[in-house]
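Engineer: Residues per chain are reported as follows:
Protein chains: 2
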Amino acid sequence: MEDIISLSYGNGGKRTSALIEEIFLPAFNNPQLSNLGDGAILDIKGKIAFSTDSFVIYPYFFPGGDIGELSVCGTVNDLLMCGSIPKYLSLSLILEEGFELSHLKKIVKSIEETAKLAGVMVVTGDTKVVDKGHGHGIYINTAGIGEMRPGLDLGKDKIKKGDKIIVSGSVGNHGISILCAREELLETDIVSDCAPLNQVVDIILSFGKSVKILRDPTRGGIATTLNEFVEGSNYSIELIEKNIPIDLNVKTVGDLLGIDPLYSANEGKVLVVVSEEVCDEVIAKLKMNKLSSNAAIIGEITEEMPGRVLLKNHFGGTRLLDKLSYDMLPRIC
Amino acid sequence: MEDIISLSYGNGGKRTSALIEEIFLPAFNNPQLSNLGDGAILDIKGKIAFSTDSFVIYPYFFPGGDIGELSVCGTVNDLLMCGSIPKYLSLSLILEEGFELSHLKKIVKSIEETAKLAGVMVVTGDTKVVDKGHGHGIYINTAGIGEMRPGLDLGKDKIKKGDKIIVSGSVGNHGISILCAREELLETDIVSDCAPLNQVVDIILSFGKSVKILRDPTRGGIATTLNEFVEGSNYSIELIEKNIPIDLNVKTVGDLLGIDPLYSANEGKVLVVVSEEVCDEVIAKLKMNKLSSNAAIIGEITEEMPGRVLLKNHFGGTRLLDKLSYDMLPRIC
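Chains A and B supply the protein sequences, listed in that same order.
Numbering-wise, the working numbering puts 146 at position 146 of the first sequence, and it's gapless, one number per residue.
Numbering-wise, the working numbering puts 281 at position 281 of the second sequence, and it's gapless, one number per residue.
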């Protein structure tokens, strides 16, 4: 194979076969991998969750991860948020003519390692090549299937007054790390929090029906996701600003660049609404896991201003937190 | 909403919500549609097929279809080729900044109509926006889930000497129609054969275990797919050139442009290997359906030259048909 991807790698012929045989099959060798070529045949029990995400992040190698790791974490985390145990992934690549094969190999390696970590198998895939100037190196789509855990009853409609809002750790790191990496504005030690959240969600969902809803606050940050929890409902959310964990470097760089960490994307955090009775125990258990050692109760469900999210600041003042409405930062996932 | 897609439509905030509420939800309203936001919860019985494809075709409106119709047909047909009944689709869009909202609406309408025709539900999705110059209007990924039909036993390993090769209709139309549309080289009446193949596959699979393998010959054309049927096996394929259905206008334009219809993509055709006993009956039944009225027996499985595909021409001569190995035509799907 050449060192550079040319259009013929996407024509479905000999070079497409070479990519599959030399790069994809060795990385994703598993008994479920499609041998009919068009799709995988899988054994599934009961209810399933089905989710998809395309990843167009730039730069595709960034502090704390790369587009390959992100494309596994993104879909795995979405499947986890549905209350399922992630099982199978599809992997579809859109490569730009001229993309370096060495970069592809590195990204495929990340996908392989992250899939192993997250307990999922890549079972089917597709590769397309677009002509130079109509892509940006690599875009990745993953879709995923998970098996639903029994005994859960998740949904916005389960939220009640007095329920507590928990975040599993410091917020805003992913988005701000990507901006710093892309613009080469600042040399910082901020790295993406990109991670598969299987263990964190295991801990949370061990609390059964005391868990009302969970979501990973990616694009739009925790402010946007919290708005989605209550929009159209009779409830509001009151957040206590000083309780929201934000790393000092994220806060400093955010202030400098005018990026609010509450609106900045996360790729390894969970926001969860739980009933008040269990919230301290949830926090205690989360703190024992490396990925959620910084978990905190950041607010509660109220009826004060239906459909809205309110932020109580250090001085007792209150302001409305709306959904993200402008272009804070494009292509961060 | 504005008439033009800007980066903020992909930021996960208010404009992303507006796209979902004003364009996607009205088109794909169904009880399975994810209400948790991160994925859909589905009831599935037994074994499933899982498949994915990204579509980067240009132009995205072409004679006989558009990228929306194609993105449903492509994944539906792959699920059918696995021997499953297609049930659910995910839909992930990569839009380029500046893309016209009216084009998006037209494409979403096509997706809605084709999904209805193919009996599948779009149950989960994602939208990303890339900055101008890093896309080409719209790229679409679909992944799909189908329920496996019982009593089938498909695979390359089922192929035996004497089995017959059937194609469900004229070959090469899709690829050649796209080339004509893109380059504006020629005004022709050639249109894409893009279609969901549910009924055609129903007919074929009603022959149970007499059916050895089926595949839709997309990128690389029938020549490439036939090579995949026998590569690495003890069998070869002998094709009778005069029996391969090729429309006269496709043949003429193909000759003129130097494009061999045997290597040109199809998006509404099936290649199938069946045992000799049933082949005439399969053809008789296929000819009764509009999408396969031109079906033909085009060759058979031999042991003459293991792993290879041979084409017998009108004058009794024979040549090897290899897989597609050069860039005949990029971005035709």
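What the hints contain is simulated information worked out from the structure, not anything from laboratory work.
Idealized CB from N, CA, C, for every residue including glycine.
Where hints are given, some of them may not hold.
Said to hold, decoys possible - Now the in silico label distances, taken between C-beta atoms and shown as ranges:
(1) A:E183 to B:N289: 51 to 59 Å
(2) A:I20 to B:N289: 49 to 57 Å
(3) A:R182 to B:K109: 29 to 37 Å
Engineer: Compare the structure with each hint and give your call.
Structural biologist: Tested hints:
no.: 1; hint: A:E183 to B:N289: 51 to 59 Å; in the structure: holds, 57 Å
no.: 2; hint: A:I20 to B:N289: 49 to 57 Å; in the structure: violated, 33 Å
no.: 3; hint: A:R182 to B:K109: 29 to 37 Å; in the structure: holds, 36 Å
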